[in-house]
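Novice: Spelled out, the chains give:
2 protein chains.
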Amino acid sequence: MYGLIGRMLAVDGRREELLTTLLEGSAPMPGCRSYVIARDPGSDNGIWISEVWDSREQHKASLHLAHVQATIAKARPMIAGFAERFETEPKGGIGI
Amino acid sequence: MYGLIGRMLAVDGRREELLTTLLEGSAPMPGCRSYVIARDPGSDNGIWISEVWDSREQHKASLHLAHVQATIAKARPMIAGFAERFETEPKGGIGI
Chain A
1 MYGLIGRMLA VDGRREELLT TLLEGSAPMP GCRSYVIARD PGSDNGIWIS
51 EVWDSREQHK ASLHLAHVQA TIAKARPMIA GFAERFETEP KGGIGI
Chain B
1 MYGLIGRMLA VDGRREELLT TLLEGSAPMP GCRSYVIARD PGSDNGIWIS
51 EVWDSREQHK ASLHLAHVQA TIAKARPMIA GFAERFETEP KGGIGI
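Protein sequence lines correspond, in order, to chains A and B. The first sequence begins at 1 in full-length UniProt numbering and counts up one residue at a time. The second sequence begins at 1 in full-length UniProt numbering and counts up one residue at a time.
Among the clues, some could well be false.
Stated by the list, open to error - In silico SDA-like links for lysine to any residue, alpha-carbon gap of 20 Å or less: (1) B:K60 with B:G93; (2) B:K91 with A:C32; (3) A:K91 with B:A27; (4) B:K60 with B:L4; (5) A:K91 with B:K91; (6) A:K60 with A:G42; (7) A:K91 with B:S26; (8) B:K91 with A:K60; (9) B:K91 with B:G6; (10) A:K91 with B:G95.
Said to hold, decoys possible - One-sided and incomplete, this derived list gives chain A residues near chain B with beta-carbon spacing under 7 Å: (11) L19; (12) L23; (13) C32; (14) A38; (15) P41; (16) S50; (17) T88; (18) K91; (19) G92; (20) G95; (21) I96.
Treat the hints as calculated values from the structure; they're not laboratory data. Just so you know, these numbers come straight off a predicted model, no measurement behind them. Where a beta carbon is used, it is the ideal one built from N, C-alpha and C, also for glycine.
So that you can see chain A by itself, here it is in the shape it has in the complex (with noise of 0.2 Å):
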């Protein structure tokens, strides 16, 4: 399986917006096992992002479907940068 945990930065008093932005857009993806949207209660704008996939393949592939480009397309306005990002290596555990 391949991970991603990374935080993104929404704009300054647009991360709510932005949180449902990205809930709307959290349809099924093939190969994403898990894909949970959080807010970061230690920052006015972080959103944490933790990923499970398949493989690497599968995640890079979701990019281009037509519903997370349009997620995409919609969300970057509010995007003021990333922050933390790590890779993992998910080997199992509860809800994966």
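Knowing the structure of chain A, use the given hints to seat chain B on it.
Specialist: Relative to chain A, chain B alone:
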């Protein structure tokens, strides 16, 4: 919901053994929606654990479950310490 993202550090040379112990111990827990155990490919001894719970209280209560205490006792000699630790407020997504 309540979330935790953290990186545990294994004693040198014991990461695989610690991963196996954590995976064997990951039985269902009340209020636990997701518990992902992953190798950190960026280090020799890091293990990422990403958790989603219905509430902070259910996470806290889980630490008193018999099978969780047994896993903690078995894992403790293999744990060198803890690195990053982030609390989150999961809002939704896929697989939770």
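Novice: Against each hint, give a clear statement of whether it holds in the structure.
Specialist: Taking the hints in turn, this is what the structure says about them:
1. B:K60 with B:G93: 23 Å, violated
2. B:K91 with A:C32: 18 Å, holds
3. A:K91 with B:A27: Answer holds: A:K91 to B:A27 is near 15 Å, not above 20 Å.
4. B:K60 with B:L4: 12 Å, holds
5. A:K91 with B:K91: 24 Å, violated
6. A:K60 with A:G42: With Cα atoms ~29 Å apart, A:K60 and A:G42 exceed 20 Å; violated.
7. A:K91 with B:S26: This hinted pair holds, its Cα atoms lying about 12 Å apart.
8. B:K91 with A:K60: 24 Å, violated
9. B:K91 with B:G6: Holds - the C-alpha atoms of B:G6 and B:K91 are around 19 Å apart, at most 20 Å.
10. A:K91 with B:G95: Holds. A:K91 to B:G95 sits at ~16 Å (cutoff 20 Å).
11. L19: With a minimum Cβ separation of about 6 Å from chain B (threshold 7 Å), the hint on A:L19 holds.
12. L23: 5 Å, holds
13. C32: 6 Å, holds
14. A38: 4 Å, holds
15. P41: 5 Å, holds
16. S50: 5 Å, holds
17. T88: 4 Å, holds
18. K91: Because about 6 Å separates A:K91 from the closest Cβ in chain B, which is inside the 7 Å limit, the hint holds.
19. G92: 5 Å, holds
20. G95: 4 Å, holds
21. I96: Where the cut-off is 7 Å and the nearest Cβ of chain B is about 6 Å from A:I96, the hint holds.
Checked against the numbered hints listed earlier, the structure breaks hints 1, 5, 6, 8; every other hint is satisfied.
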